[in-house]
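S.K.: Using the hints provided, position chain B relative to the given structure of chain A.
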Amino acid sequence: MIEIRNLTKIYKLNKKQMKESKTTNPLKTAVDDLSLRAVPGEIYGLLGPNGAGKTTTLRCISTIIRPTKGEIYVAGHEVQKEPEQVREKIGFLTGDIKLDPQFSVDYMFDFFGKLHHVPQDKLRARKEELFDYFEIRDFAHKKIKELSTGMGQKAAIAVCLVHDPDIVIFDEPTNGLDVVTARGVTDYLKKLKNEGKLVIISTHIMSEAEKICDRIGVIIDGQKVAEGRLHEILQETGTGDLEDAFFELYRERKGEAL
Amino acid sequence: MGGIKQICGKELARVFKDVKMMFSVFFLPVIIMIAVMSLVSNMSLKAEQDVEEHVPVLYVENAPDGFDGFLKQAEIAYTLYPVEDREMVKESILNGDADLWIEFPANFQEAVSDYQTGDEVVQVKTYYNPSEEYSRAAYNMISTGVLEMYRQKLLAQRVDDMQKLTVFTVNSDNPDMVIQDEQKAGGKVLGTMLPYFVTILLFAGAMGIGTDMVAGEKERGTMASLLVSPIKRSSIVLGKVFALMIISGVSSVVYVAAMVIFMPQMLGGSSGEDLGISLTLGAGQIAMLAALLVAIAFLYSAVIVLVSVFAKTVKEASSYVMPMYMLVLVLGITTMFTTSTPKDWFYMIPVYNTSLALQGILTQEVTGVQYGMTLGVTLALGAVLIGVIAKAFESEKVMAI
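Chains as they are written, first to last, in the numbering used here: chain A, 1 to 258; chain B, 1001 to 1401.
FYI, nobody ran anything at the bench for these hints, they're computed from the structure. Just so you know, these numbers come straight off a predicted model, no measurement behind them. Built from N, CA and C at the ideal position, the CB exists for glycine as well. Misleading hints may appear alongside valid ones.
Some chain A residues judged to face chain B by a derived CB distance under 8 Å, without partners named [stated by the list, open to error]:
(1) 64
(2) 65
(3) 88
(4) 99
(5) 101
(6) 114
(7) 115
Below, in silico cross-link-like pairs of lysine-lysine (PhoX-like), each with a Cα-Cα straight-line distance of 20 Å or less [as the list claims (entries may be wrong)]:
(8) B:1005 with B:1017
(9) A:15 with B:1312
(10) B:1020 with A:142
(11) A:12 with B:1397
Bound-form chain A, shown alone (with noise of 0.2 Å):
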């Protein structure tokens, strides 16, 4: 399970970064008092415009940044207290998060195993499991650098499982891959699903949120404005589809027309 309590995140911005963002304030708050709870055996999905701060709650969770304000507990484990205990639990995934180019899949694969304590015997399981499903084998022995971005993608997220995780964290998990890619890697989220794991996604596409998700949590300016099941939302809008809830949910938000 995954519990976040009153999440704020607060970046400082450096000048350079300030001039991008065409601010005098030095502060940036990227994630605004969320909370949300997501359990076992369902996908669960932040949904957002860019820059909503659904990244930030994920890396949050993952341990690799550190809440400004709030807690997080994954799978009991508080991730400032615990993060070990919590990477231990979680597959964190997302397109920025790449494998050393210098080797290859393989080496990848065993060297994560190796340092999620997989025992041999499980590795090698896992391994055909892993590879037979993203078609894998083939490429297994090539460097990472020879491989496409396709592939590439392919090997990211059979390594980040390698440990068979509990909670399954995945940032836009179908960005950059191909329609048949996609779908590989949906019906594997919802196949995790179905064996009992959480998964936590982020996303911007409408139609894969509307598809996969059990449940939907609707982010705006670092700040949940909506959560539900599909037909929740959408009844709660008023709306016929998710499109039009998001927008909706936008419209209010910012108040203005669309």
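M.R.: Using the frame of chain A, we list chain B on its own:
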């Protein structure tokens, strides 16, 4: 501290499983060093031989009778010309056509043979051009050697008993004049050079790989995948530092071995023994050296990884590490020229103390306390740096994530 072994193993695999990398890190510098040194020593040897084989061109003014015969007797090859135009001779020496000009005074023979007590002693003048190799060699051979022999010959004609003029000689028959501990003497020569070489080799060997270790991962975007692994930040740091220690250790062993094996080539034929750097080390000395070298490798690796952590790119890290290298180099060199006995507190100065202690071990002059202080300070500073690096790993800003 799980994960250290895996991280260390991966960093080592990066180097040792890549033939190109192995070649560029371990062998290319050695090949370049040997080639350059061999070329330089061969060229200087050739130049020396050329000077030796050259027949000096001498201009002799007012040559006394029998001088030519004396030179022939002394078995000296030369080409002798009488001086007709002093300006022309000067010009020839200046542009290297002539090597030496010997000027006897016009009345040389009379002045020597008719010498009475109280007469002014005649002077023979020689002129040469120190910028010309041939001229300098001719000057050294003739002005200080041959003319002295000629003086002795003329003196023998004037004085019946030459022994009378020699009040005493110094060490003309004393083969035991050198009293020294051979071991210590060998250590002294090696001790002046070794700290310098160890500094260069350990630091330089780690520099290229070390700057890439963290900054490279940041640049390639691969650091975050390590940061979401269930291991402590300090384990990542230690794994990388240990790997760097091994790499710098291996590279310095390769360099030193190559230097020893190819020493004759690099020095143009002379071996270490000829240079007085033969040395046998006791077991105690070897153990002390080994422990100290491991400590130095640890400190240097920590320094390089620290630089790599704070740099955003490998390029930036390389430029940051240069001043560090210079500093380490300068501190290494200082021990080469220190003659006074170092004070005890010198052994508290990081980096400098390791050079002093290395020298002290070889000359057997370092005390247990001084050695202990050096080892302690080096390891403690290394540990502090590891702490700083681990702290920096926690910082979102520094890790640029």
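S.K.: Each hint: holds or not?
M.R.: So, going through the hints one by one against the coordinates:
| no. | hint | verdict |
| --- | --- | --- |
| 1 | 64 | holds (6 Å) |
| 2 | 65 | holds (5 Å) |
| 3 | 88 | holds (4 Å) |
| 4 | 99 | holds (6 Å) |
| 5 | 101 | holds (6 Å) |
| 6 | 114 | holds (5 Å) |
| 7 | 115 | holds (4 Å) |
| 8 | B:1005 with B:1017 | holds (17 Å) |
| 9 | A:15 with B:1312 | holds (17 Å) |
| 10 | B:1020 with A:142 | holds (17 Å) |
| 11 | A:12 with B:1397 | holds (9 Å) |
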